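Q: Keeping the supplied structure of chain A fixed, place chain B upon it in accordance with the hints.
Those protein sequences? They're chains A and B, same order as listed. To convert, note that position 106 of the first sequence is 136 in my numbering; the numbers rise steadily by one, no gaps. To convert, note that position 57 of the second sequence is 51 in my numbering; the numbers rise steadily by one, no gaps.
Think of the hints as simulated: they come from the structure by calculation, not from any bench. In this text the structure is predicted, and so the values were computed from the model without any measurement. Treat the hints with care, as some may be off.
To be verified - Okay, derived cross-link-like pairs now, DSS-like style, lysine-lysine, Cα gap no bigger than 30 Å in a straight line:
#  : chain 1 : residue 1 : chain 2 : residue 2
1  : A       : Lys58     : A       : Lys107
2  : A       : Lys200    : A       : Lys135
3  : A       : Lys107    : B       : Lys41
4  : A       : Lys200    : B       : Lys118
5  : A       : Lys200    : B       : Lys39
6  : A       : Lys200    : B       : Lys117
7  : A       : Lys144    : A       : Lys107
8  : B       : Lys41     : B       : Lys31
9  : A       : Lys107    : B       : Lys39
10 : A       : Lys135    : B       : Lys117
11 : B       : Lys41     : A       : Lys200
Said to hold, decoys possible - Stretches of chain A that chain B covers, calculated by requiring three or more beta carbons in the stretch to come under 8 Å of a beta carbon on chain B:
#  : stretch
12 : 66 to 78
13 : 117 to 126
14 : 186 to 194
15 : 206 to 220
As the list claims (entries may be wrong) - One-sided and incomplete, this derived list gives chain A residues near chain B with beta-carbon spacing under 8 Å:
#  : residue
16 : His35
17 : Arg36
18 : Arg37
19 : Glu59
20 : Val62
21 : Leu63
22 : Tyr89
23 : Val103
24 : Lys107
25 : Val109
Beta carbons: idealized from backbone N, C-alpha and C, even for Gly.
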Amino acid sequence: MSDAHRRALVGALIGALSALLAGCAGPKESVVLLPSPTGQDTAVLVTHGSRQVLLNQPYAGARIARLATEAYVTDAKEVQARYGTALAAQPLAPAQFTLFFIENKDELTEESSKIVDGIFAEIARRPVPDVLIIGHTDTVSNDALNDALSRQRAEVVRNAFVARGLAADKVTVIGRGKRELAVPTGDGVPEPRNRRVEILVR
Amino acid sequence: MTPTRSRRLQGALGAILAAAWIAAPAWADVGQIKVSKGRVTVDRKGKELVALVGMPLEAADILRTGADGSVGITMRDNSLLSAGPNSILSLERFEFDATTSDGRFDARLQRGTLAVVSGRIAKKSPQAMTVRTPSALLGVRGTEFVVSVDE
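Okay, chain A solo, but in the shape it has when bound (with noise of 0.2 Å):
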């Protein structure tokens, strides 16, 4: 083998080499935790094999190639540019209302007749929204009667926000009772903050 053949030989065997110990070093997977701007608790468990990285700050990441983990620190720009589509793509988070009703009757407070105009605005916002729309009562008489009557407060909103325009079946009533209390109670108490609908706008 010539001098020629042999250097040009070495090259390609470095290349080669390099090559693959980048290959192995590169990231290959990244993990990267984002500010909670509900100021929920969060954070991100990372388990690669034996080993383990806790993400519980803004921008802490993790970067996963074969042979090892590592942890680094990464800020607003270089996530957008990375995951810039994917975070666009994004649904828009649901929104969440409640409406109060006057004891024993299946209408609305006043104040609670207002608050119509901005569920509506959530729905308009969205090009496929669906509606989720659960009655609850206070713990004032018996199951089967406030089974009923949650249900019935939530139909009645159904049908107030189906005669504005909303296509009845993005809609889902649901009739809870006094099952899941607001402001918890005993048996036999009128609360005017469990005499509500909730209402769900995804």
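A: Leaving out everything else, chain B in the frame of chain A:
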């Protein structure tokens, strides 16, 4: 209770149950496609479906995006998942009790990029939601994070 009252009550309960049954279809799904851009498909039971906005999703569905594709979904527990181009995302397991928030959500990103906002399942139990990548397991304590898998 007199027989008439008992029958009337049964009738009323039956009506409530029937109404609950009618309302059920929206709850049988695990989630819904809210955003779909470019080429996006869903593999369901060996069939490839075009993923349209509004399409309900089922457990075990696999979402695929093309080079120009991205997709955003809202799950029944309010989790939001969105994937960028050239991604493969499997909804491997989803169980959710809307009353108690108990449930189980396991997703898998085989390729591409994924943004996650966790929902009620992860809020209820820090062990109940995971995202797998080809080599790692992410335990989701909450709430927002991004994942990428290069090929």
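Q: Taking the hints in turn, state whether each one holds.
A: Checked hints:
Of the supplied pair hints, the one linking lysine 58 of chain A and lysine 107 of chain A holds, its CA atoms being roughly 20 Å apart against a limit of 30 Å. A distance of roughly 26 Å separates the Cα atoms of lysine 200 of chain A and lysine 135 of chain A; the hinted pair therefore holds under the 30 Å criterion. This hinted pair does not check out: lysine 107 of chain A and lysine 41 of chain B have alpha carbons roughly 39 Å apart, beyond 30 Å. Between lysine 200 of chain A and lysine 118 of chain B the alpha-carbon distance is near 27 Å, which keeps this suggested pair within the 30 Å criterion.
Restraint check: the Cα-Cα separation between lysine 200 of chain A and lysine 39 of chain B comes to about 26 Å, which is no more than 30 Å; the hinted pair holds. Restraint check for lysine 200 of chain A and lysine 117 of chain B: the C-alpha separation of about 26 Å stays at or below 30 Å, so the hint holds. As the CA atoms of lysine 144 of chain A and lysine 107 of chain A are separated by approximately 41 Å, the hinted pair breaks the 30 Å bound. For the suggested pair lysine 41 of chain B and lysine 31 of chain B, the alpha carbons sit about 20 Å apart, so the restraint of at most 30 Å is met.
Restraint check for lysine 107 of chain A and lysine 39 of chain B: not satisfied, since their Cα atoms lie roughly 39 Å apart, outside the 30 Å limit. With a C-alpha separation of about 34 Å, the suggested pair lysine 135 of chain A and lysine 117 of chain B falls outside the 30 Å cut-off, and the hint is violated. In summary, the hint linking lysine 41 of chain B to lysine 200 of chain A is supported, as the alpha carbons are separated by about 26 Å, within the 30 Å threshold. Check result for the stretch 66 to 78 of chain A against chain B: holds, 12 residues qualifying (beta carbon to beta carbon below 8 Å, three or more required).
Under a criterion of three residues with beta carbons nearer than 8 Å to beta carbons of chain B, the stated coverage of the stretch 117 to 126 of chain A is upheld, 8 such residues being counted. Counting residues of the stretch 186 to 194 of chain A whose beta-carbon sits less than 8 Å from any beta-carbon of chain B gives 0, not enough to reach three: the coverage restraint is violated. Coverage of a stretch by a chain is defined here by at least three residues with a beta carbon nearer than 8 Å to that chain's beta carbons; for the stretch 206 to 220 of chain A and chain B the count is 3, and the condition holds. The closest approach between the C-beta of histidine 35 of chain A and any C-beta of chain B is roughly 35 Å, which is over the 8 Å cut-off, so the hint fails.
A cut of 8 Å between beta carbons decides the hint on arginine 36 of chain A: the least distance to chain B is about 36 Å, and the hint is violated. Look at arginine 37 of chain A: its Cβ only gets to about 34 Å from chain B, farther than 8 Å, so that hint breaks. A cut of 8 Å between beta carbons decides the hint on glutamate 59 of chain A: the least distance to chain B is about 5 Å, and the hint holds. Hint on valine 62 of chain A holds. Least Cβ distance to chain B is approximately 5 Å, under the 8 Å limit.
For leucine 63 of chain A, the suggested interface contact is upheld, since its CB lies about 5 Å from the closest CB of chain B, less than 8 Å. At about 10 Å, the closest approach between the beta carbon of tyrosine 89 of chain A and any beta carbon in chain B exceeds 8 Å, and the interface hint on this residue is violated. Evaluation of the valine 103 of chain A hint against chain B yields a violated restraint, the C-beta minimum of about 14 Å exceeding 8 Å. Among the interface hints, the one on lysine 107 of chain A is violated; its C-beta lies about 13 Å from the nearest C-beta in chain B, farther than the 8 Å criterion.
Proximity of valine 109 of chain A to chain B holds as hinted, the smallest CB-CB distance being about 6 Å (cut-off 8 Å).
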